[in-house]
Structure formats: structure tokens, C-alpha cells
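Residue numbers (this note's numbering): 317 to 579.
Calculated from the structure, these hints are not laboratory results.
Keep in mind the model is a prediction, meaning the values are calculated, not measured.
Careful, some of the hints might be misleading.
Quick list of the computed label-pair ranges, beta carbon to beta carbon [claimed, not checked]:
no., residue 1, residue 2, range
1, 383, 560, 30 to 36 Å
2, 548, 320, 33 to 39 Å
3, 420, 571, 32 to 38 Å
4, 377, 411, 17 to 23 Å
5, 399, 563, 19 to 25 Å
6, 463, 540, 32 to 38 Å
7, 529, 563, 21 to 27 Å
8, 449, 579, 40 to 46 Å
9, 575, 320, 19 to 25 Å
10, 352, 418, 20 to 26 Å
11, 386, 575, 49 to 55 Å
12, 319, 392, 35 to 41 Å
13, 456, 318, 34 to 40 Å
14, 510, 459, 46 to 52 Å
Backbone N, C-alpha and C fix where the C-beta goes; we use that ideal spot for every residue, glycine too.
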Amino acid sequence: MTIWQAVILGIVQGITEFLPVSSDGHLVVTQHLLGLTSSMLTFDVFIHLGTLAAVLLYFRGIIWEHLSGLFDSRRRPAAIHLLIQLIVATLPAVVFGLLFKDFIEETFGSAYVAAGSWFVMGLILVFAARFSGGRDQIRNIRAFDSLLIGVAQVFALLPGISRSGMTIATGMMRGLKPVEAARFSFLMSIPAVAGAEVLQLSDGGTSGMWTDPAMLTGAVTAFVVGMGAIAFLLRMLNTGNLRPFGYYCIAASVVILAYLQLN
């Protein structure tokens, strides 16, 4: 992989990890278009670290508020409540990810799977836009709501299904304000991405990646672009309108499927 290919993939990851259009689907298709046919799972996991760093930096205030709240008797109940909800929301993906790890990895080599999943994702986002009038905040989220959001995250283990799209849409359907649903989704991404990295490291397939210029470039690019993507999405969600993202996913699916058929 060249540095420029790493930059392109880092830009794609930074934009699409947070916008509800599926970063994995875009990475699979972009790798196909760049002629990168060998397994890219290690690189994909590494650039996800870049976007994980973007989440940690962008939401450092709320993260610190709740972490420090664990040691403050007045704020401890709210901090523990959020921590429990994040654990509940994370468990489904952990269980399914471990049980079906090999199958999930196989799907990442198929641009057809990614393109087909995009179409489904688009329909879900268009439908979820109907629920933009929610008023609940993260502090009001219940365990059942968190569990449903966590189940929605399971589907995002497949390329083409957006993790942020599924979790934000489900949060909105459960009555969360669109921006609050996005914040909860981004906080959920911290254990999800960290868990994926641990699994990859345990497989021993990361030799030399910490000194590989292409991987480092991709991760830094994903971090910088990801910061901007988070800010853009939160501003857009003030209107609660997910339809443009849904229409984009549907159009992208049709275009990519047509391209694959013709080539």
C-alpha cells in the first residue's frame, strides 16, 4: 500500500465512521476501486484507532465529567447510570462478534455485500427520520433502550451497515433527541472499537503495524478528518434529518452494484 492510498482510505474512514453511511462499506468498496485485493483487516482496525482518538478528544468533556463523577457522591448516580447503559449496549456486539468472528471477517472481502447492505441502511435512515421529535436525554435512557441500541449495533458488524446510523436511528426511535442519540452512539464506539483492536492484537496479525508509515498516515488522516465529521454531524442532527444520508446510501448502493456488474 502506498502513502497516497493510505491517505485516501484515512479520509474515507474519517468521514464515514461518524456519518451514518457505513465506514466499513466505504472502505471495502474504496479498497476494491484502488485495486487492493489482499486482506486489509489489520489496516482497517488500525485506522479505526484514529477515529477512536477523535471521539476521545471531541467528547473529552463529557467523558471526564462522568469518570470524575464516579468519585463525587453528588454526581456518582448519574455517572454509574451512564456506565451501566454503555455496558448493556455493548454486550450484544461482543457476544455476536465472538461467536461469528470468522463469518464477519469473510464478508469484508465482498463489495457486493457492502453495496447490498447500503441499500438496506438507506431505507432504515429514511424511516428513522420520522422519529426526529424525541426529547429524552442520555441521563434518561433506560436499560431496555440501551439493549435495543446494542442489538442494532450487532447488524453493523457487517460491511455496509453503519454502526452510527443503526445506533442513532434506534436511539431516536426510543425517544432520544437526535443529538443525544448521536452522543450516546459515539460513546458506545469507544468500547466497540477498543474491543475490535484487542481481538485483532490477540490474533497476532499486527506485526510491524506500529512502525508502518502507511498505517500511521492512515490513522492520523482518519483522526483529523474524523474530528470535522463529528462536528458536522452534530450540527446537522439539530434538525433531526437523517433522510439525506439515507438517500445517499440508496444511491451509492445502486451505483456500486451497477459498476460491479459492468466490470
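These are the hints, each one checked on the structure:
1. 383 <-> 560: 30 to 36 Å: holds, 35 Å
2. 548 <-> 320: 33 to 39 Å: Since residue 548 and residue 320 have Cβ atoms about 24 Å apart, the given range 33 to 39 Å is violated.
3. 420 <-> 571: 32 to 38 Å: violated, 25 Å
4. 377 <-> 411: 17 to 23 Å: Hint violated: Cβ distance 31 Å, outside 17 to 23 Å.
5. 399 <-> 563: 19 to 25 Å: Taking Cβ atoms as reference, residue 399 and residue 563 lie about 37 Å apart, which means the hint is violated.
6. 463 <-> 540: 32 to 38 Å: Check passed, 34 Å falls within 32 to 38 Å.
7. 529 <-> 563: 21 to 27 Å: violated, 38 Å
8. 449 <-> 579: 40 to 46 Å: The hinted range 40 to 46 Å holds for residue 449 and residue 579, with Cβ atoms some 44 Å apart.
9. 575 <-> 320: 19 to 25 Å: holds, 22 Å
10. 352 <-> 418: 20 to 26 Å: holds, 21 Å
11. 386 <-> 575: 49 to 55 Å: Holds - the Cβ-Cβ distance for residue 386 and residue 575, about 50 Å, lies within 49 to 55 Å.
12. 319 <-> 392: 35 to 41 Å: With Cβ atoms ~47 Å apart, the hint is violated.
13. 456 <-> 318: 34 to 40 Å: violated, 49 Å
14. 510 <-> 459: 46 to 52 Å: violated, 22 Å
The structure fails hints 2, 3, 4, 5, 7, 12, 13 and 14 (numbered hints given earlier, in ascending order).
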